Amino acid sequence: MDILRSIGITEPVIQFMLVNAILGLSIYLTLYTGMFSLANAGFMAVGAFTGVILTQEAGLPLGIGVLGGMALAGLVAIPIGLPVLRLHDIYLAIATIGFGEVVRILILNFDPLMSSITGQTVALTGGALGIKGIPKIAETWHLLLFLGIAAYCIARLHRSRFGRAMAAVRQDERVAANMGVNVVYVKNVVFILSAILAGGAGALSGHLTRIISPDGYGFDQAVQILAFAVLGGTGSIAGPIVGGIVLTGLPEVLRFASQYRGVINGLVLLLMIVYVPGGLVNPVGWARLWRRLRGPTPDA
Amino acid sequence: MRTRLFGLLMAFAILVMPFAAFAQDDVAMGADMAEACPAPANLPESITIGAVLTLSGGASVYGTTQQQGINLAISQINESGYLGEGTTLSIIFEDSASENEQAISAMTKLVEEDGVTMVLGPTLSREAFAADPVAQENGTVVMGVSNTAAGITDMGEFVFRNSLPEAAVIPGVVAQATANLGLTKVGLIYANDDDFTVSGYNFFRQSFIDNGVEIIGEETYATGDVDFRTQLTNLIAAEPDVIAMSALATEGVQIILQARELGFEGALMGGNGFNSPAVLEQTGEASNGLLVGAAWNIASTNPLSTAFMAAYEAAYSARPDQFAAQAYTGTWMFATALRCADSVDRTAVRDALAGLAEFATPLGSFSFDENRNPVHDPVVQVAQDGAFSVLGAE
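Chains E and W are the protein sequences, given in the same order.
First residue of the first sequence? That's 1 in our numbering, and the numbers climb one at a time after it.
First residue of the second sequence? That's 1 in our numbering, and the numbers climb one at a time after it.
Keep in mind that the hints were calculated from the coordinates and are not lab data.
No experiment lies behind these values; they were computed from the predicted model shown.
Heads up, the beta-carbon is just placed ideally off N, CA and C, and yes, glycines get one too.
Output of the computed footprint for chain E on chain W, the stretches with three or more beta carbons under 8 angstroms from beta carbons of chain E:
{"#": "1", "stretch": "82 to 95"}
{"#": "2", "stretch": "102 to 108"}
{"#": "3", "stretch": "115 to 129"}
Okay, derived cross-link-like pairs now, DMTMM-like style, lysine to aspartate or glutamate, Cα gap no bigger than 20 angstroms in a straight line:
{"#": "4", "chain 1": "W", "residue 1": "K185", "chain 2": "W", "residue 2": "D241"}
{"#": "5", "chain 1": "E", "residue 1": "K136", "chain 2": "W", "residue 2": "D154"}
{"#": "6", "chain 1": "W", "residue 1": "K185", "chain 2": "W", "residue 2": "E214"}
{"#": "7", "chain 1": "E", "residue 1": "K136", "chain 2": "E", "residue 2": "E11"}
{"#": "8", "chain 1": "E", "residue 1": "K136", "chain 2": "W", "residue 2": "E157"}
{"#": "9", "chain 1": "W", "residue 1": "K185", "chain 2": "W", "residue 2": "E265"}
{"#": "10", "chain 1": "W", "residue 1": "K185", "chain 2": "W", "residue 2": "E219"}
{"#": "11", "chain 1": "E", "residue 1": "K136", "chain 2": "W", "residue 2": "E137"}
{"#": "12", "chain 1": "E", "residue 1": "K136", "chain 2": "W", "residue 2": "E112"}
{"#": "13", "chain 1": "E", "residue 1": "K136", "chain 2": "E", "residue 2": "E57"}
{"#": "14", "chain 1": "W", "residue 1": "K185", "chain 2": "W", "residue 2": "D210"}
{"#": "15", "chain 1": "W", "residue 1": "K185", "chain 2": "W", "residue 2": "E239"}
The shape of chain E in the complex, shown without the other chains (with noise of 0.2 angstroms):
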């Protein structure tokens, strides 16, 4: 732990790179299935003000709240995931960048609209300034116990007749199809369980930071837990728990280079996604490059 501690990593970095690797698994199941979503942020939002509204205004322990932010999280995806999973790629992804700027704008004027609707004062999330004063009463081996559970069930999901239809579904939509699979429900129960996964970390994160605000769940978020799957590859289900771990712990090493932080940062992931395209985790890649750096071979 010294060690570690002494490079940058402490203690709040440790949680948020756990953290940050559910958010990177979240993602990853709608990747895996073949849909670009950005909608992840928006879950995230859901599961965090709801999870925080249950435990400091209704008093209600930390489980209550993870599981109350991942239930209202995975019911908004029903309404959402319907209409919008029929859009392909780009269109998707620009559909439920959408997704987010709604819920972002809704959060922000959820106290006016409520106290209109109902006639009475409203103060729940708080407007720009969001909920404050939260106390810090999530612990790493919640994370732990989060992230391992969830990677357990989508090791299993991946073993499972459903699992191979996400693969089908990826693959081709068509051919799946033709063979049996029903496409728009394996669609529609990935993006949920999707949506589930961030509103857990949305609600566990918000119980980390002490205080949560509309504009921390913006596209810069989004764009940032399509990272993590990316940079840590999604052939494997290690791939977004290593990105996610990666990219939370690489900025606070890199503490050191004061000024030049942000440079090397960048550098280092732009060399990352360069030299092993298919993510960190991803043996195929890494043979290449030891291939490429050892040159040519003799018999080859």
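Since the structure of chain E is provided, determine the placement of chain W on it from the hints.
Below, chain W without anything else, positioned relative to chain E:
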């Protein structure tokens, strides 16, 4: 006899010289505190403080000028030997990238790994709400130099700020304007459906009562309204010296234009929402005589402020803004707390900082109240032909 006289003279000279050195340069920062607190003798050779600033990300424009203000103060403190012979003050800057998570990591690194004596920042209020509890739990002083949101210092006794919250500016503006312009009658207009404008109205109302100004009328409107002629006609009929507006800029611009259109020639007074060149651009000559408060203004005639501006321009070839002035002042306040505590013990330093009173700074005569919030007179700006100048400067 002669030798005794000579000895007396020498003793006198030795005693008086240090004060004389400051006296001949009475605009030097920290001069008043150098007199109040003796030169420290027990400080270690090097003292390290920290700063969590938004050096990158969305709010990097603020963090960068804050860093320059702090660096200027550090070099002045070390050159003048403010912390005593052989003691140097150094600083570790940590970037929060304008993100709450990184602000927490940066604060944790500074107070737990680097073990700094005190921390300046974080730049944004939301970062302060996220990261200040880390310093509070560790028993390390943290002082915001740009946090204006309500409730910052409620996080604990080690949390300070030197940036005037919105609620502190209005009473100061009313007091100074009343004294300067001899106001006796005021009309109030505000939006009654918005937190910000309603709380601003309450501060205006209380401040006018405290200053003995008669309130001749109160009018309300709803956010989004565009026609204020009915309300303004009612107010103007009672012949006020000043119309105070608790409004956001959008409605504020229309209120200014329509008040002038109805022939009102008295002063206008606005809250924080009016502290923007855009309001002046949109209202033109109509806003002549508009009074708005701010924590610091570049046109301030305070000698420490002009000295700070000259030093800043010499160092960076750029004009400072309010963020630089507040960061510069904050660094000097930390140095003064160290000097007066004559110790790097966290609690002693905290108590010395909390006890700072009537410290002459570029922001004016500065004290902390019992909740570690700043107390100093805001600068009252008056608009004339599209530009703000300081009220009573000429």
